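2 protein chains.
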Amino acid sequence: MTHQATIHPLDEAIELRELDRGIYTGRTTRAYWNMVGPFGGITAASMLQAIMLHPQLLGDPVSLTVNYAGAVTEGEFTIKANPVRTNRSTQHWMLTLEQPGADGAMVVATTATAVTAVRRETWGLSDVRMPEVPGPGNFERAAPAFSSEWFNAYEMRPVSGNFPQVWDDSGDASLSQVWVRDVPGRPLDFMSLAAASDLFFPRVWLRRARRVPAGTVSITTYFHADRAQLQQTGTGYIFAQASGQEFRNGFFDQTAQLWNADGLMLATSNQIVYYKE
Amino acid sequence: MTHQATIHPLDEAIELRELDRGIYTGRTTRAYWNMVGPFGGITAASMLQAIMLHPQLLGDPVSLTVNYAGAVTEGEFTIKANPVRTNRSTQHWMLTLEQPGADGAMVVATTATAVTAVRRETWGLSDVRMPEVPGPGNFERAAPAFSSEWFNAYEMRPVSGNFPQVWDDSGDASLSQVWVRDVPGRPLDFMSLAAASDLFFPRVWLRRARRVPAGTVSITTYFHADRAQLQQTGTGYIFAQASGQEFRNGFFDQTAQLWNADGLMLATSNQIVYYKE
Chain A
1 MTHQATIHPL DEAIELRELD RGIYTGRTTR AYWNMVGPFG GITAASMLQA
51 IMLHPQLLGD PVSLTVNYAG AVTEGEFTIK ANPVRTNRST QHWMLTLEQP
101 GADGAMVVAT TATAVTAVRR ETWGLSDVRM PEVPGPGNFE RAAPAFSSEW
151 FNAYEMRPVS GNFPQVWDDS GDASLSQVWV RDVPGRPLDF MSLAAASDLF
201 FPRVWLRRAR RVPAGTVSIT TYFHADRAQL QQTGTGYIFA QASGQEFRNG
251 FFDQTAQLWN ADGLMLATSN QIVYYKE
Chain B
1 MTHQATIHPL DEAIELRELD RGIYTGRTTR AYWNMVGPFG GITAASMLQA
51 IMLHPQLLGD PVSLTVNYAG AVTEGEFTIK ANPVRTNRST QHWMLTLEQP
101 GADGAMVVAT TATAVTAVRR ETWGLSDVRM PEVPGPGNFE RAAPAFSSEW
151 FNAYEMRPVS GNFPQVWDDS GDASLSQVWV RDVPGRPLDF MSLAAASDLF
201 FPRVWLRRAR RVPAGTVSIT TYFHADRAQL QQTGTGYIFA QASGQEFRNG
251 FFDQTAQLWN ADGLMLATSN QIVYYKE
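Quick note, the sequences are listed as chains A and B, same order.
Just so we're aligned, residue 1 is where the first sequence starts under my numbering, counting upward by one.
Just so we're aligned, residue 1 is where the second sequence starts under my numbering, counting upward by one.
No wet-lab data here; the hints were simulated from the structure.
There's no promise every hint is true.
Partial list, derived from the structure: chain A residues whose beta carbon lies under 8 Å from chain B [said to hold, decoys possible]: (1) Thr78; (2) Met94; (3) Met265.
Predicted model only: the values in this text are computed from it and were never measured.
Every residue gets a Cβ at the ideal spot worked out from N, C-alpha and C, and that includes glycine.
Hey, can you work out the whole structure from these sequences and the hints?
What follows is the structure, encoded as structure tokens:
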């Protein structure tokens with residue numbers, strides 16, 4: 001099929017069909033499959049895609065919170081995107097992703113809220129600068145560290161805080177820095193940026209050098225770049241870093257920043273992650 | 001009325017009456033009034049209170065995202081709290097706060113999502129330590145910096161990054177640190193912690209030393225403390241710090257951490273804030 005040969009795997013993964021105003025169906029794809037469901041980043045991108053397709057959309061994404069309520073299973077899903085409040089320059093969204101449960105009734109697998117806005121030029125400034133690191137060509141591409149298909153959808157070139165090679169409880173920090181881009185190349189947009197905001201392996205694995213069950217429960221991404229700045233980034237590398245703040249009683253939080261290669265802050269993102277043991 | 005004489009202003013502000021399963025009414029109070037509506041932190045606390053009162057609640061708060069869709073006006077409001085998914089140890093919530101609009105129809109003023117969970121003892125560690133600063137007795141209580149009533153509901157003792165005394169565009173950093181506690185004293189709980197997570201004046205005012213229109217659009221708070229740790233904190237001071245990351249085209253994001261006086265991380269919080277000019 002010509003269609004499948006030419007569409008980018010990310011576009012295929014977030015492809016939605018409108019059933020009714022604000023109601024869309026999509027389906028999971030192998031390319032972004034994680035261990036027991038799709039990569040969380042691609043689910044976030046799909047939620048955002050529903051907003052971007054909505055005929056009442058005002059402006060561009062400013063904030064997106066996605067809550068992973070339960071595993072998304074292989075196959076079709078339904079996303080409902082509701083613009084619950086539209087102001088002069090901002091718009092507020094509530095979303096759900098549903099799939100049929102064991103008894104056939106629809107079950108909520110994911111929830112989200114988002115803010116979109118028409119942005120105007122104002123005073124601006126970066127208080128967190130991109131660290132000075134050598135360019136991506138100076139770092140080896142990471143071999144797939146675990147057998148999740150989605151890992152192959154990214155070219156990751158770790159700068160620091162690499163995936164542990166041994167699980168010997170020797171961890172001493174939770175910071176990872178990486179140069180990354182989509183494979184195959186794809187011009188950056190809000191959806192791929194939302195997905196990339198979730199590409200870090202669990203900080204608890206790095207901090208402990210111990211692999212325990214872990215999964216994102218909720219992620220919030222703030223978009224600082226506008227369309228023109230994303231277009232300007234194009235298919236270039238993103239520099240992304242993430243670190244943990246507090247690990248306690250089954251949950252830790254992660255703070256992350258994503259810049260383009262010119263040092264422009266694209267997004268900041270935070271998440272709370274469940275872990276065991 | 002004895003009732004009003006003995007109830008703490010925060011408890012009065014978040015007092016809700018159950019209309020139906022998951023549907024509550026409350027009303028704004030003067031004690032937490034901001035300039036054109038209630039202090040955002042007290043609205044967040046009210047949303048959380050609806051969850052805490054819900055008969056189906058599982059566990060304690062882990063994550064709370066509140067989106068300020070429009071100004072909450074003086075008077076009654078209705079909160080709907082819906083536990084859309086309950087798992088074995090986690091529960092996912094969607095909430096709205098509504099008030100009658102100009103035409104009498106209900107309008108969504110606030111949306112929220114939350115995760116609650118039954119937490120179990122695990123390995124844990126703090127990767128962001130509380131800064132070493134002298135105790136609260138070493139700092140003067142801040143005089144009300146602006147004429148918002150809610151400011152008097154807190155005893156704030158700024159350590160650094162004080163409210164600017166002159167608006168001369170001389171700002172050079174966005175970090176504020178403060179010792180703070182409720183006035184009058186009130187043992188810390190999840191609601192007062194949610195409220196305190198929003199107590200910083202807009203970072204853009206500090207960073208620029210210029211006062212421009214600004215307001216929180218969305219706040220996400222991750223709760224690291226459990227009930228016992230909140231009880232242990234009691235009416236003691238909290239040490240809170242906040243800084244901006246990126247200011248661009250009408251929005252900036254703020255990252256914040258709140259510890260108790262023993263250096264225990266209570267919560268981490270992030271928000272995206274609208275500003276003009």
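Going down the list of hints, with the structure as the test:
1. Because the closest C-beta pair between Thr78(A) and chain B is about 14 Å apart, greater than 8 Å, the hint is violated.
2. Checking Met94(A) against chain B: minimum C-beta separation of about 6 Å stays under 8 Å; hint holds.
3. Using the Cβ-Cβ criterion of 8 Å, the hint placing Met265(A) at the interface with chain B is satisfied: the shortest such distance is roughly 4 Å.
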